[in-house]
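*Asks:* With chain F held as given, fit chain B onto it using these hints.
Protein chains: 2
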Amino acid sequence: MDVISSRRNPLIKSAAALRESARERREREEFLCEGARLCRDAAESGLLIRACFFTDRAQDRYREYLEPVLRAAKKAYMIEEPVAALLSDTKSPQGVFCLCAWPSGSEAGPGGPCLVLENIQDPGNLGTILRTAEALGRFRVFLLGDCCDPLSPKALRASMGAAFRLWPGSGGTARELLGRLRAEGYGIYGAVPAKTAVPVTEMDFSRGLHGVVIGNEGRGLTEETAGLCDGLVTIPMGGRAESLNAAAAATVLMWELSRKGGTAESWSI
Amino acid sequence: MDVISSRRNPLIKSAAALRESARERREREEFLCEGARLCRDAAESGLLIRACFFTDRAQDRYREYLEPVLRAAKKAYMIEEPVAALLSDTKSPQGVFCLCAWPSGSEAGPGGPCLVLENIQDPGNLGTILRTAEALGRFRVFLLGDCCDPLSPKALRASMGAAFRLWPGSGGTARELLGRLRAEGYGIYGAVPAKTAVPVTEMDFSRGLHGVVIGNEGRGLTEETAGLCDGLVTIPMGGRAESLNAAAAATVLMWELSRKGGTAESWSI
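Residue numbers (the working numbering), protein chains in the order written: chain F, 1 to 269; chain B, 1 to 269.
These are calculated hints, taken from the structure and not from any lab test.
Below, simulated DMTMM-like cross-link-like pairs (lysine to aspartate or glutamate); rule was C-alpha separation at most 20 Å, straight line:
#  : chain 1 : residue 1 : chain 2 : residue 2
1  : B       : 154       : F       : 122
2  : B       : 195       : B       : 223
3  : B       : 154       : B       : 24
4  : F       : 154       : B       : 217
5  : F       : 75        : F       : 56
6  : B       : 154       : F       : 89
7  : F       : 91        : B       : 20
8  : B       : 74        : B       : 64
9  : F       : 91        : B       : 89
10 : B       : 91        : F       : 122
Just chain F, same shape as in the assembly (with noise of 0.2 Å):
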């Protein structure tokens, strides 16, 4: 097996890329996998793994998690410790890295209930977002707008691996997918901290297709979204409006979903 003890080796200079930047990971439809539960999760998860990397301290303390990995990587390098804190988005790297193709799509089939985030600008939200929508019911997720990536180390940690399997779409305008969801029988409803909005608690989502929106932690939805919807659904909340973040929001509205939505017979605890 090839050592790499430079930080300046090519292929690690590309992998250490892949780690910084959106848009290096966007061009090559690559992305760099840390740790030993996350890389085990992609080769589980059936991603293409490239390169697997892993220091000799890595070897010992994480056999179980690297066996797994090791059959699906197409190659494989024992890396020394500065090389590996080089890769690490981490004060305390484990020192098991995988460089990927970007996953080829969602497992959430059509006829699920769907979850739309627009503007969301908080990888660690976008992360935990994912992770929620698989745990509850494999939601089909889109990307509107100028969201941040689920690539990202950060997203990818929150996610734990839920990016590898619940891929979301994106690419489009909203006039576009909310048009193409609207053809598919879906309704639309945009999440909104308003009075005039119906409360999530008065919506019956127990027969047909539905979806939310979700904005910007910040801003919201835009105002050009908002219009597009099928009508504003609101969390009702006994203390100080505007208190929930995007990501508590979304799970409150994704288990309303989902509890009365048609995955409720295929729950299994």
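*Replies:* This is chain B only, laid out in the frame that chain F set:
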């Protein structure tokens, strides 16, 4: 007004120590609050503000926010930019800080729904949970075991000031706390990702007093605490098991408690 230009000024060193150390905050019963919005929130929540520090630039940029803070603060100091950098927990400080006494108590009285957190370690999770607990209806919140500090800079940012008004009770063992709540008439349910627990969708929170206990992010509830609960509750999931993070699980359970519970009538949107 006094101007502080030295990072070695004793008052500044004392304030910086509050930012860094949970022990310092606990022993002195003080904390450091950063940011224009959070400082205004501290003032408007009636906290005792022993000192306010702000830069010249902040005075221009955040005048509206600073006004109520300066009215409430016992003392105010202009600080130079390098001093602001020392006090700040962020890369781009706004240049507004308050040295505050601990919140004096929670506004949430007896009779409402109750949330107990055990060994929550991530300050972002703790802050988010407090914010949601306030938004959904003034939960009574208690901390058990080795929870992180709700007054750390990161927890404060995530709580958006909820900790000022929903100051969680702490101290004492699980046996003591759950015994006390039971004596008040509460039924307390431990949240676990286990097939043997009752799905929250099958529970009826519409009568009586109820509370849930949420455990550590990785390890869940301690066996001891789980054994002390009146029952165990779980969140039915359609996707992979154990895939909700602690804050998302807390959000779903708080929503179920407050949606059906006694606070429903007082909801406003």
